[in-house]
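Dock chain B against chain A, hints included.
Protein chains in written order, with our numbering: chain A, 1 to 293; chain B, 1 to 419.
If you are wondering where the hints come from, they were derived from the structure by calculation, not from laboratory data.
Please note that the accuracy of each hint is not assured.
Unchecked claim - Here are the simulated BS3-like pairs of lysine-lysine, each with C-alpha atoms no more than 25 Å apart in a straight line:
| no. | chain 1 | residue 1 | chain 2 | residue 2 |
| --- | --- | --- | --- | --- |
| 1 | A | Lys41 | B | Lys108 |
| 2 | B | Lys108 | B | Lys326 |
| 3 | B | Lys335 | B | Lys63 |
| 4 | A | Lys49 | B | Lys78 |
Note that the structure is a prediction, hence the values are computed from the model and not measured.
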Amino acid sequence: MQRVSSKRGSSAFWYTVPALAMTVAFFVVPLVYLIVVSLYKWNGLGAMKFVGLGNYTYIFNNANFHKALRVTLTWLASALFLHIPLGMVLSLMLNRRPKGWRFLRVMYFIPNVISTTAVSFMWYFIYHSDMGMLNGLLRAVGLGHLTRSWLGNTSTALFCNQVPFILYVGLTTIIFLTQLSTVSPELYEAAEIDGADGLRKDLYISIPMLKPAILTNVMLNGAFCLRTFEYPFLMTSGGPSNSTTNLALYIYREMMSANRYGVSMAAGLVTILLGVLLMTIVTLLQKERKVKL
Amino acid sequence: MKKLLSLMLALSMLLGCLSFAAAEGNDVIEINIYHHMSTDTARGQATEKLLEMFNEAYAGQYKAVSSVNPDFPTYQEKVKAMIAANETPDIFCYNFNPNDLSRQESGKLMDFTPYMDEAWKACFKESDLELLTLDGHLYSIPRAQQSAVFYYNTELLAAAGYDHFPTTWDEFYACCEALKANNVSAISLYTADDAWYATCFLTYAFASYAGSTVANSGVIDCEEMVKAAADLQKVWQYTTNDAVGANYSVASNNFANGKTAMIIDGPWLMGSLPEDIAGKVAVAAAPNFEGGAIQDNYQVTDAQSPWAAAAQADPAKAEAIVALLKYLTSEEAVKIYTLEGSEYQSARMTLTDEDKAGMTPLQLGYYELYATGTENVVNVQRNLSTAANSALPSLVESLVLGEISAADFAAQLDAENAY
Chain A
1 MQRVSSKRGS SAFWYTVPAL AMTVAFFVVP LVYLIVVSLY KWNGLGAMKF VGLGNYTYIF
61 NNANFHKALR VTLTWLASAL FLHIPLGMVL SLMLNRRPKG WRFLRVMYFI PNVISTTAVS
121 FMWYFIYHSD MGMLNGLLRA VGLGHLTRSW LGNTSTALFC NQVPFILYVG LTTIIFLTQL
181 STVSPELYEA AEIDGADGLR KDLYISIPML KPAILTNVML NGAFCLRTFE YPFLMTSGGP
241 SNSTTNLALY IYREMMSANR YGVSMAAGLV TILLGVLLMT IVTLLQKERK VKL
Chain B
1 MKKLLSLMLA LSMLLGCLSF AAAEGNDVIE INIYHHMSTD TARGQATEKL LEMFNEAYAG
61 QYKAVSSVNP DFPTYQEKVK AMIAANETPD IFCYNFNPND LSRQESGKLM DFTPYMDEAW
121 KACFKESDLE LLTLDGHLYS IPRAQQSAVF YYNTELLAAA GYDHFPTTWD EFYACCEALK
181 ANNVSAISLY TADDAWYATC FLTYAFASYA GSTVANSGVI DCEEMVKAAA DLQKVWQYTT
241 NDAVGANYSV ASNNFANGKT AMIIDGPWLM GSLPEDIAGK VAVAAAPNFE GGAIQDNYQV
301 TDAQSPWAAA AQADPAKAEA IVALLKYLTS EEAVKIYTLE GSEYQSARMT LTDEDKAGMT
361 PLQLGYYELY ATGTENVVNV QRNLSTAANS ALPSLVESLV LGEISAADFA AQLDAENAY
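Same shape as in the complex, but just chain A (with noise of 0.2 Å):
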């Protein structure tokens, strides 16, 4: 019996293997050699020279660096306090199956395949200053003094970067609403015999039932808004001000524009370790839920 089992993680392993080749090689390796010319000043194309972690120095005193970083902390705190709320609540109001429920279900995910590049132009075009749809819309309405360059103003241009991922909850929808039909009508049933209306029902069934799905939302949109990079480019190239340049855009404009292949590397290093912590976070709020089970 011990034999046959033996035999069955052996092959398991083997099965493992392509797997973990891979991610050695697409992963782990270049892992190693981010973190190794992190270490180095380098322009890309001359001699590499050694600086230890100057890099790393170069950035935690550097003022654009610690700006990438509060617009990164910015993206997440719009995934967890407006964007995951907000598709929580679009699936709730959708689980009561009102009228016409799955059109809307429908078009609430129609973004999601879109792709972002198309996506950030039509916002673009939406906040353009001149021919906007949004500054036309308010002359319209007689709020002509409201209108504004929406993306060239470092106080709304964050908010004008995030607006589309705030509004696009057709994913984050659809993982609630596959976690919310997991739950046993029996329950609504009894709370119903027991004189509850609908908020309460979402409250002390629905609500409590979502936990995994929120986990699962925070780690999905926290990792998008880590990576995030069409928006800010393509909206408003990190400006005004570098009031919408994030980590991923800094690493890219670091290596690119700036050619300090070094220092993108470090800051590259830095929002792995986030992203780590970020998912640490979740896993062990999981598997708190687990023995709490």
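This is chain B only, laid out in the frame that chain A set:
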């Protein structure tokens, strides 16, 4: 029957292989030329015409094939990435920057020194060749270094009460104010990509405060630069609403569509102006201070933008590259570039009266202004380090949005340039 069929099949395969070998043996050397001049511009059309002429002249021997990336900042980055990946294009062009010799020092560029015979050398100014020579090696061939001058819409200025372009800075700002009163944005500027128009204005202001010697010296954190940055802040109130965040095409289209009355650009702009507006456009020398630090008709120039080529192990391929570059820098080609492509080349040429008669009034105006220029100042961004160039657009944005002072702008740009 089967045997016969097999024999025929084998024979046809053999013939096919032989004809392939014969084709291979044609020895036509293909030269890939990667540039940024797309065929929807006059200079792109001129380039294509010249390559076709070259292919005809060297039919059966060489064949030039071009690939184009019209987004110049991206093009420059792509070329660097290609050099790093050992995929250097056979021929390409770039903006020479004495603070960024990474391409030349990569060891992957062709050294033209052995090919620079007296006849070819005589095509160029000695100073251009000296500029591009590094440790005795000539890694690039002078291509173009053009002046960015003030273009203005004569109708819009006339409507604002100006029958001539302002000659002093005080008159310039008064003109901007008059245009603003007519609901016209005075000047096209932008901050995205390389913020070229904004830095042209900054350099003009800097040169008029500091003079050409200081302005070309690479000094940034100085009183004159602070004054110039303050002027850039000032002129921003006369540009379009979309200037912050806009790129070259948005800003140049604003001028081409008559939304703005002035623009500072090189001769390539002429080739992209629609006919209806080109007739209303004239060029003028920049405003100056009376008794200022620089002579009237001083000009801000772009960097020297030379040709370069990939180092070749095959001498025949190297010869082919040299043949194409000699062709593109010949007087005939330079005239085609100037007259048809609105692109002024570094190689020498003499325009005859007949040549001039074929020029449009705008082309002639530019040529005369260019030919009578007194002092040249290279756009400040062209002498910055790559890192400082990368930081420049966001610094310009911070400056014009009032987030940093003119003094902070100069100090921060200097700090980026030093890293």
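Is the hinted pair Lys335(B) and Lys63(B) satisfied, with a Cα-Cα distance of at most 25 Å?
OK: Lys335(B) and Lys63(B) at ~22 Å, within 25 Å.
Given the hint that Lys108(B) pairs with Lys326(B), test it: the Cα-Cα distance must not exceed 25 Å.
Cα-Cα ~21 Å, so holds.
Mind checking the alpha carbons of Lys41(A) and Lys108(B) for me, to see if they're no more than 25 Å apart?
holds (20 Å)
Under the criterion that the straight-line Cα-Cα distance not exceed 25 Å, is the pair Lys49(A), Lys78(B) satisfied?
holds (23 Å)
Going down the numbered hints, you'll see the structure goes against none, and every one checks out.
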